[in-house]
Amino acid sequence: MTTTTAAPESSVPAAIAGLSRPAKVMVTKIGLDGHDRGSRLVASFLRDAGMEVIYTGPWQEVATVVNQASQEDVDCIGVSSLATDHLLVPKLMDALHAAGMDDVVVIVGGIVPDKDERMLLERGVAQVFHPGCSRTDIVEGIADHIVERRRKLGEV
Amino acid sequence: MSNDRKNTQMSQDFEAARDRWRDGYDKQLPNEKVRRNRSGIEVKPLYTPEDWSGDAYLPDLGFPCDTPFTRGIYPTMHRGRSWTQRQLIGLATPEDYNARMRRIVDSGATALSMIPCNSVYRGYDIDEVDIEIVGTCGTTINTVEDMETCLAGVPIGDMSIALNDPSPFTLLAFLLATAKRRNVSWDRISGTSNQSDYISHYVANHMFFRLALEGSRRVFIDHVEFANERLPMWNPVSVVGQHMQQSGATPAEAMAFTLASAIQYAEDCQRRGLDVDQFLPRFTFFFDISISFFEEIAKFRAGRRIWARLAKERLGAKDPRCWRFKFHAQTSGVDLTRQQPLNNIARTTAQAIAGILGGLQSMHTDAYDEVLSTPTEAAAKIAIQTQNILREEAGLTDVIDPLGGSYYVEALTDQMEEKIMAAFDEIEAHGGMFEAVRKGLVQEKLGDSSMDFQRQVESGERTIVGVNRYQDDDDAIPVRPLERPDPAAMQAQLAKLAKFKADRSNADVDKALDALARACGTEGDNVFARLVSAAEAGATHGEMCACLRRELGFGQPLIAA
Numbered sequence: 018m019t020t021t022t023a024a025p026e027s028s029v030p031a032a033i034a035g036l037s038r039p040a041k042v043m044v045t046k047i048g049l050d051g052h053d054r055g056s057r058l059v060a061s062f063l064r065d066a067g068m069e070v071i072y073t074g075p076w077q078e079v080a081t082v083v084n085q086a087s088q089e090d091v092d093c094i095g096v097s098s099l100a101t102d103h104l105l106v107p108k109l110m111d112a113l114h115a116a117g118m119d120d121v122v123v124i125v126g127g128i129v130p131d132k133d134e135r136m137l138l139e140r141g142v143a144q145v146f147h148p149g150c151s152r153t154d155i156v157e158g159i160a161d162h163i164v165e166r167r168r169k170l171g172e173v
Numbered sequence: 030m031s032n033d034r035k036n037t038q039m040s041q042d043f044e045a046a047r048d049r050w051r052d053g054y055d056k057q058l059p060n061e062k063v064r065r066n067r068s069g070i071e072v073k074p075l076y077t078p079e080d081w082s083g084d085a086y087l088p089d090l091g092f093p094c095d096t097p098f099t100r101g102i103y104p105t106m107h108r109g110r111s112w113t114q115r116q117l118i119g120l121a122t123p124e125d126y127n128a129r130m131r132r133i134v135d136s137g138a139t140a141l142s143m144i145p146c147n148s149v150y151r152g153y154d155i156d157e158v159d160i161e162i163v164g165t166c167g168t169t170i171n172t173v174e175d176m177e178t179c180l181a182g183v184p185i186g187d188m189s190i191a192l193n194d195p196s197p198f199t200l201l202a203f204l205l206a207t208a209k210r211r212n213v214s215w216d217r218i219s220g221t222s223n224q225s226d227y228i229s230h231y232v233a234n235h236m237f238f239r240l241a242l243e244g245s246r247r248v249f250i251d252h253v254e255f256a257n258e259r260l261p262m263w264n265p266v267s268v269v270g271q272h273m274q275q276s277g278a279t280p281a282e283a284m285a286f287t288l289a290s291a292i293q294y295a296e297d298c299q300r301r302g303l304d305v306d307q308f309l310p311r312f313t314f315f316f317d318i319s320i321s322f323f324e325e326i327a328k329f330r331a332g333r334r335i336w337a338r339l340a341k342e343r344l345g346a347k348d349p350r351c352w353r354f355k356f357h358a359q360t361s362g363v364d365l366t367r368q369q370p371l372n373n374i375a376r377t378t379a380q381a382i383a384g385i386l387g388g389l390q391s392m393h394t395d396a397y398d399e400v401l402s403t404p405t406e407a408a409a410k411i412a413i414q415t416q417n418i419l420r421e422e423a424g425l426t427d428v429i430d431p432l433g434g435s436y437y438v439e440a441l442t443d444q445m446e447e448k449i450m451a452a453f454d455e456i457e458a459h460g461g462m463f464e465a466v467r468k469g470l471v472q473e474k475l476g477d478s479s480m481d482f483q484r485q486v487e488s489g490e491r492t493i494v495g496v497n498r499y500q501d502d503d504d505a506i507p508v509r510p511l512e513r514p515d516p517a518a519m520q521a522q523l524a525k526l527a528k529f530k531a532d533r534s535n536a537d538v539d540k541a542l543d544a545l546a547r548a549c550g551t552e553g554d555n556v557f558a559r560l561v562s563a564a565e566a567g568a569t570h571g572e573m574c575a576c577l578r579r580e581l582g583f584g585q586p587l588i589a590a
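Read top to bottom, the protein sequences are chains A and B. The numbering of the first sequence is our numbering, which starts it at 18 and goes up by one. The numbering of the second sequence is our numbering, which starts it at 30 and goes up by one.
Keep in mind that the hints were calculated from the coordinates and are not lab data. There's no promise every hint is true.
[To be verified] In silico lysine-lysine, DSBU-like type, Cα no more than 30 Å apart, as pairs:
(1) A:Lys-108 <-> B:Lys-73
(2) A:Lys-108 <-> A:Lys-169
(3) B:Lys-209 <-> B:Lys-410
(4) B:Lys-62 <-> B:Lys-73
(5) A:Lys-41 <-> A:Lys-169
(6) A:Lys-108 <-> B:Lys-341
(7) B:Lys-355 <-> B:Lys-341
(8) B:Lys-540 <-> B:Lys-530
(9) A:Lys-108 <-> A:Lys-41
(10) A:Lys-108 <-> B:Lys-410
(11) A:Lys-132 <-> B:Lys-410
(12) B:Lys-410 <-> B:Lys-355
[Unchecked claim] Quick list of the computed label-pair ranges, beta carbon to beta carbon:
(13) A:Asp-119 <-> B:Ile-418: 35 to 41 Å
(14) A:Glu-157 <-> B:Phe-322: 31 to 37 Å
(15) A:Glu-139 <-> B:Ile-418: 22 to 28 Å
(16) A:Gly-35 <-> B:Glu-157: 27 to 33 Å
(17) B:Phe-322 <-> A:Leu-170: 48 to 54 Å
(18) B:Val-363 <-> A:Glu-139: 29 to 35 Å
(19) A:Thr-81 <-> B:Leu-371: 50 to 56 Å
(20) B:Gly-582 <-> A:Asp-120: 38 to 44 Å
[What the hints assert, rightly or not] Chain B is nowhere near these chain A residues, computed Cβ spacing over 10 Å in every case:
(21) Pro-30
(22) Glu-139
(23) Glu-172
Note that the coordinates shown come from a computational prediction; the quantities given were computed from them, not determined experimentally. Built from N, CA and C at the ideal position, the CB exists for glycine as well.
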């Protein structure tokens, strides 16, 4: 696991620039697949945009992800899936709910068929990013969700 | 006029003509930006005898199947024997796989390939993982019985079988056990251990058994030694540049890392005392073909030349078969887009042509829908027909190395060779591929190159049709993703595994696993031979992997982000 913060100020999206504490995101892969080019890139994008990023690497268990997200008090969990591991995300949503962490924003990125996207959104996933999304779409999309979460927490 | 004067005159004429062209060019494109290929080599607008003269035809190019092997590894190349169509097939249950495979065998195929479920890649049986993601990307093969079901009715002694079977090679163990049960001699088992390149798994896609690097090295060498002694038709080594390039390496880096890995493996085998002329002819390679057309062709031509030199000069191989750079290639999935997915057929076609002109021996063309889901059968058919059209209709197989002698392709081949050797030498300076990977050097390079590429796409410097240019708001997807395996079928598979375990002799299994464990700690005791015995005794894939993880250490990849 690596925790990193960095920030060329200019690239920080306006939405999160004014937050009282840095936006914090966990980028992870749950399940069996190890292809991690996408998750590493997205972790770098978010870090470059001034967010604090916890990168877990592949093969995480749902329970470990929830524990770590709780200890690190993250705003958002980004799950990368290229080989149907997104089918485990409903289990993640259940585990977050059981831990009283419904407020944590969950994002899924990767190869997700439309039918599964609808299922994931119904289960409370905030957004699904598909191949070909731009860095801006991803960074600003996540920033907006995090600001929305902070607003609900009364921090904004 | 003397010859000297004639030459001077010709050279003056050449320079004058060149300068006239250059003036005209610069007038029309005064501030043109430098173009570079994916490996960072500048691509000029025109190539002439100044870039490649043909004066050194024999040392640079030679003839096919002769030093320096630039033009090809066989005298007849695709005229004599077309490339093998080797589509990856991995489906849910062994029964599903068998049904699809029999249709393919009935239609005349003589080669087949097998992709296991991701749980198998990770070293688990299906009763050890979340059942909802089992069998979605490959076939669930946990026991010798599963292998027998997969291959029911398939004449295994007459097929070339490619197993996607990373260390510790349990699929091969199951295959050999199946052959024994059917009284098919191991002498007739032919094919390839496609995923034997544990270093590429460690650095690039992390799809391996989580054995520590040292442990993987031991199993790898044992498996080569076993094949040397017992499996005359089996290719135990496939070195996989495809993983490197898919993970972000540039084409030149991917070739360099692959060659460095091959040298690592060959020298490991030599240190074990194996005869290079016996094992090296059975090394094969596996590459990605990106859509960077000429760069890919030059990559393959340069790779052939470098490998022949390394095999001969560095490894001391005398048998000419060792010098042949035999490779399978797959069109790159990274270049495919979710936007307007039918465009991917055009991309795959361009990639496949580059691979064919590059002189490949075997090819997989991607289905256009693989960026949406596991490919559907209909899309997979188009991928196969693409190969047939290129072979039968386009005339691509008529002439050997048809781009040989092109000023551009030859100059680019030389430049790629330099670029590849620079990256290769850097790895060597760190003590070879094993050490460079242990230190994280290669991982760092993959990360940097994938970030560079992404930056080029983000900035618009690199165009991707339908993604950052020529977008279409109405890019609705006209394809229906493949249906997932029936949950009931997976439950039935679980029940089959439980029954298999209940019916076998646990005493035999314990004895075989115990022997496997002891082999790990005993020099000269072949771990792979013990694995085959364990498979025959009824040990499952997960049990064998757990045993090896315990004995040889658990490997966590170095993660850098």
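Hints and how they fare:
no.: 1; hint: A:Lys-108 <-> B:Lys-73; result: 54 Å, violated
no.: 2; hint: A:Lys-108 <-> A:Lys-169; result: 24 Å, holds
no.: 3; hint: B:Lys-209 <-> B:Lys-410; result: 34 Å, violated
no.: 4; hint: B:Lys-62 <-> B:Lys-73; result: 11 Å, holds
no.: 5; hint: A:Lys-41 <-> A:Lys-169; result: 16 Å, holds
no.: 6; hint: A:Lys-108 <-> B:Lys-341; result: 55 Å, violated
no.: 7; hint: B:Lys-355 <-> B:Lys-341; result: 15 Å, holds
no.: 8; hint: B:Lys-540 <-> B:Lys-530; result: 15 Å, holds
no.: 9; hint: A:Lys-108 <-> A:Lys-41; result: 22 Å, holds
no.: 10; hint: A:Lys-108 <-> B:Lys-410; result: 36 Å, violated
no.: 11; hint: A:Lys-132 <-> B:Lys-410; result: 24 Å, holds
no.: 12; hint: B:Lys-410 <-> B:Lys-355; result: 26 Å, holds
no.: 13; hint: A:Asp-119 <-> B:Ile-418: 35 to 41 Å; result: 54 Å, violated
no.: 14; hint: A:Glu-157 <-> B:Phe-322: 31 to 37 Å; result: 35 Å, holds
no.: 15; hint: A:Glu-139 <-> B:Ile-418: 22 to 28 Å; result: 43 Å, violated
no.: 16; hint: A:Gly-35 <-> B:Glu-157: 27 to 33 Å; result: 47 Å, violated
no.: 17; hint: B:Phe-322 <-> A:Leu-170: 48 to 54 Å; result: 53 Å, holds
no.: 18; hint: B:Val-363 <-> A:Glu-139: 29 to 35 Å; result: 31 Å, holds
no.: 19; hint: A:Thr-81 <-> B:Leu-371: 50 to 56 Å; result: 40 Å, violated
no.: 20; hint: B:Gly-582 <-> A:Asp-120: 38 to 44 Å; result: 41 Å, holds
no.: 21; hint: Pro-30; result: 15 Å, holds
no.: 22; hint: Glu-139; result: 16 Å, holds
no.: 23; hint: Glu-172; result: 27 Å, holds
Checked against the numbered hints above, the structure violates hints 1, 3, 6, 10, 13, 15, 16 and 19; every other hint is satisfied.
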